[in-house]
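J.: In case you want the letters, here they are:
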Amino acid sequence: MSLHKSHITNTSKHIFSIQRGGENRILCFATILFFLLQLLFIASSYAQLSPGKLSKAHAKLEGLSNCTQCHTIGDKISNQKCLACHKELNAQVSKNKGFHSSAQIKGKDCMTCHSEHHGLNFNAIRFDKNTFNHNFTGYELKGGHKTKVKNCNDCHKADNITIATLKNKPNTFLGLDTKCLSCHDDYHQKTLSNDCTACHDFNDFKKAAMFNHDKTNFTLIGAHKKENCASCHKEEIRNGKKFVKYAGLSFSNCTSCHKDIHKGEYGNNCKTCHNEESFTKISPSRSFNHTVTGYTLEGKHRDINCKKCHESSVGNFKEFAQKNNITCLTCHKDIHEGKLGNDCKSCHNQQSFLLKNKTYTGKFDHEKTDYPLEGKHAVVDCKTCHKSDFTDPLPHKDCMSCHNDKHNGDFETKKDKYPDCASCHSVSGFTPSQFTIEQHNKSKFKLEGAHIAQPCFSCHLADKKWVFNNIGTECINCHKDIHLGVIDKKYYGEQSCSTCHSTENWKVVNFDHKTTKYPLAGGHLKAKCSDCHIDKKSNPPNQIFKGLSHQCSNCHEDIHGRQFEKNGITDCAKCHGSESWNPKFFNHDNTNYKLDGEHKNVACAKCHITTLAGNNNIKSFKIAKYQCIDCHLK
Amino acid sequence: MTKTAHRIYLGTMTSIVILVTIYLFYRGLPYYKTSIEERFYHVDHKILKPSGPIGHGLGITGTLLMIIGVFGYQARKYMKSLARVWVLKHWLEFHIFLCTLGPIMILFHTSFKFGGLVSISFWSMVAVVASGVVGRFIYLQIPRTIQGRELSLNEIRGMQTELAEKIEIELSSEKLNEILALTKRSSSKKNIIAQYLADWKLKINIKQQLKKTNLERQKLNGVMSLVSNELNMNRKIERLQVMQKWFNYWHVIHLPFAIIMLVIMLIHVGVTIAFGYKWIF
Chain H
1 MSLHKSHITN TSKHIFSIQR GGENRILCFA TILFFLLQLL FIASSYAQLS
51 PGKLSKAHAK LEGLSNCTQC HTIGDKISNQ KCLACHKELN AQVSKNKGFH
101 SSAQIKGKDC MTCHSEHHGL NFNAIRFDKN TFNHNFTGYE LKGGHKTKVK
151 NCNDCHKADN ITIATLKNKP NTFLGLDTKC LSCHDDYHQK TLSNDCTACH
201 DFNDFKKAAM FNHDKTNFTL IGAHKKENCA SCHKEEIRNG KKFVKYAGLS
251 FSNCTSCHKD IHKGEYGNNC KTCHNEESFT KISPSRSFNH TVTGYTLEGK
301 HRDINCKKCH ESSVGNFKEF AQKNNITCLT CHKDIHEGKL GNDCKSCHNQ
351 QSFLLKNKTY TGKFDHEKTD YPLEGKHAVV DCKTCHKSDF TDPLPHKDCM
401 SCHNDKHNGD FETKKDKYPD CASCHSVSGF TPSQFTIEQH NKSKFKLEGA
451 HIAQPCFSCH LADKKWVFNN IGTECINCHK DIHLGVIDKK YYGEQSCSTC
501 HSTENWKVVN FDHKTTKYPL AGGHLKAKCS DCHIDKKSNP PNQIFKGLSH
551 QCSNCHEDIH GRQFEKNGIT DCAKCHGSES WNPKFFNHDN TNYKLDGEHK
601 NVACAKCHIT TLAGNNNIKS FKIAKYQCID CHLK
Chain S
635 MTKTAHRIYL GTMTSIVILV TIYLFYRGLP YYKTSIEERF YHVDHKILKP
685 SGPIGHGLGI TGTLLMIIGV FGYQARKYMK SLARVWVLKH WLEFHIFLCT
735 LGPIMILFHT SFKFGGLVSI SFWSMVAVVA SGVVGRFIYL QIPRTIQGRE
785 LSLNEIRGMQ TELAEKIEIE LSSEKLNEIL ALTKRSSSKK NIIAQYLADW
835 KLKINIKQQL KKTNLERQKL NGVMSLVSNE LNMNRKIERL QVMQKWFNYW
885 HVIHLPFAII MLVIMLIHVG VTIAFGYKWI F
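Chains H and S supply the protein sequences, listed in that same order. Counting in my numbering, the final residue of the first sequence is number 634, and the numbers go up one at a time with none missing. Counting in my numbering, the final residue of the second sequence is number 915, and the numbers go up one at a time with none missing.
Since the hints were made in silico from the structure, they are not lab data. Where is the CB? At the ideal position from N, CA and C, for every residue including glycine. Don't take every hint at face value.
[Claimed, not checked] Here are some of the chain H residues that sit facing chain S, going by a computed Cβ distance under 8 Å:
no.: 1; residue: S50
no.: 2; residue: D75
no.: 3; residue: G523
no.: 4; residue: K526
[Said to hold, decoys possible] Quick list of simulated restraints, FRET-style, between CB atoms:
no.: 5; chain 1: S; residue 1: Y675; chain 2: H; residue 2: S102; range: 12 to 22 Å
no.: 6; chain 1: H; residue 1: A208; chain 2: S; residue 2: Y675; range: 52 to 62 Å
no.: 7; chain 1: S; residue 1: G645; chain 2: H; residue 2: G74; range: 36 to 46 Å
no.: 8; chain 1: H; residue 1: K108; chain 2: S; residue 2: A709; range: 23 to 33 Å
no.: 9; chain 1: H; residue 1: K215; chain 2: S; residue 2: Y675; range: 26 to 36 Å
Isolated chain H (complex conformation) (with noise of 0.2 Å):
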């Protein structure tokens, strides 16, 4: 009550003041004392000055003693400290391999991943264990590795550790070798090396992807490379545990792995008659002399199958040996049903059954057929003709029985007159054909003239196609009209070649020229046609049959150099005829100058003078002065 009447009375002390009251004093400096005193309590006791708890793996440095275990004074936690208990991650550090020394981790302090204080269920390693990239480690995982196994602990457990002191701690990823056999069993019991990799693959044990049997002492040929490992390499039980031996099988001789079914009787070398390819199939090259059994192989029963005579089941190759008379039929079946007899040999030989031209060495005498062979008959193999069996009917009254039409139906529409192959040819041949002229001459086109002796392919043989009929009877149907469109049709008609020519001689030209308007006379009956009608100058040389001009001069050449000339045109006619080169129709009268008197007896040179002019020599017949002294007084 005293502490409440000072507060009424003196309201202007602070408030402090009013604690100075003993009682309060008192009260309050034990409250300070009680609260420090249980503070020195707690810190001495719990020596909680840690901020959480540490992880159950670290449970063991729990406690303010240890903090330095860890932490190192004024410069929080060293990796130094960490990989001083973490013995083995330093040695693997130290020695730059596994994860803690791959690129991504190397440099960074242990506490970037790791962490403590986090309470006892902290898990200080934590990682996606689906997505880890297993190469930084430094192994990488292949083929079965990476996808068979989808624990990490299927290989990371105490069983694989090879380092003692992290085999008993949980949890751990140190301690596994890349060596196989430190996971794995050695399935060969220490026969083979220690080297898995040299034979095995990560992707599958059992098929031994990298072994390879040419590296070893035995190389695998022929059927070998195809037989099952286990046909040779049996699975038996070692120790208790399944096993196949692989190294050192014994492979000296083949009846190491082979039963020898001729029991010893022809050696114990395999190879003198078989080889690795097959079995069954004796080697082209065999060594055995069948001879030396009284029946000597030839042609293809040199290359087929033992088996195919001697059955294994009989005898051990001995089956023939008491069989007499060894004959074909002893082994083939008569295909023939005995209708060609016994002697096989009379038409097949060893080479091949079927009859071919080259090997045919048969005697089977055809002339008792009906059809005797004759011509090149004779030399067809058999079965050219006899499809199935010899025996077998053939007819063979037409040859298309057995032969194509080569003429693809050309003479279909003349079977009357051609009614077989046999009409043109022969056995002999099927060139050259037999059809005579005399035959020829039987068709709508008789050959004469030069046509007899025209080979049948200048007419019948077209693009490489022989063609007989419905070729034409025309001359153009084979010749070509040189004159189409040079002479007028009104001369020769619808290309009728022989209103001018015959087929005696192309050459020999029967024309009427009186049918022109140019009827020829004199000499011109003499000429070539071509000396007018071919322009030879040209090349190659023109055809000229229309628009020829009736001028001398057109074909002639002006002789007189052009001495006669009377506007543009000579007239030779004035001095020639046709008949004759001669000047028959010359009077020396009607020129200006008439001879006469002696005149007449001298010879037209002595006044009409050769000159040369240019090239030519001109004989001039215009003199100019003929007065007598003009030639006389010369």
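We have chain H already, so just place chain S on it with the hints.
T.: Below, chain S alone, put in the same frame as chain H:
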């Protein structure tokens, strides 16, 4: 400081506290909700862990705010040279601001992990803050001068008379007497809560009576404010002695917790510095 300036002063400090709290919750809630064992693998762990840039920063800042808040206020109270600097009421408000914001920052600095020795410091801090809230309530129950000095009962009674005069201006003397008669305390004493409820009912009663006099709305509000003050004053007068006693005991709690908090905080800071977690700014 004018009334408005004071309001801005308080508003600013309150806003800062609220905004900082909201921001820190918004930024770190997913992380703080994560269990202790899982936190290390949370994306925000590196930043928000107590030693992370934000976590550690909050620790340092919060500590400094509290040290300034505590020792600044103490200095103002005990150092004569500071006696004239600002009024004590504002110092107290600044003390409350710093010592509210500081502990909130420390709360986020702990990342809601309360263990070890330092947790004693933390819980002491919680106790100091809690006692501070209670203290503030008691403090308000004791009328003071603006300088923070406690008023005597006579001074309080004088204030009451002033109030009555103000009401008189607004109302007729008859009405005033009527209202004052209503506010008179009956002889029977009631406990604090019962008295508060009785006063509340009385205020409603008076308001209804005033409404019948057709008083203007503005004047009515003014009168009601005065009536409220009157009733508050009545209650404070009634409880003054009790409150003064409580306030006396309160100091015994508030200060020792603060000392414990500071001592263990110093140990905590010392240990962290020793282990290499130093000044980060």
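J.: A separate judgement is required for each hint: does it hold in the structure or not?
T.: Hint-by-hint comparison with the structure:
| no. | hint | verdict |
| --- | --- | --- |
| 1 | S50 | holds (5 Å) |
| 2 | D75 | holds (5 Å) |
| 3 | G523 | violated (130 Å) |
| 4 | K526 | violated (128 Å) |
| 5 | Y675/S / S102/H: 12 to 22 Å | holds (21 Å) |
| 6 | A208/H / Y675/S: 52 to 62 Å | violated (44 Å) |
| 7 | G645/S / G74/H: 36 to 46 Å | holds (45 Å) |
| 8 | K108/H / A709/S: 23 to 33 Å | violated (48 Å) |
| 9 | K215/H / Y675/S: 26 to 36 Å | violated (52 Å) |
Hints 3, 4, 6, 8, 9 from the earlier list are contradicted by this structure; the remaining hints agree with it.
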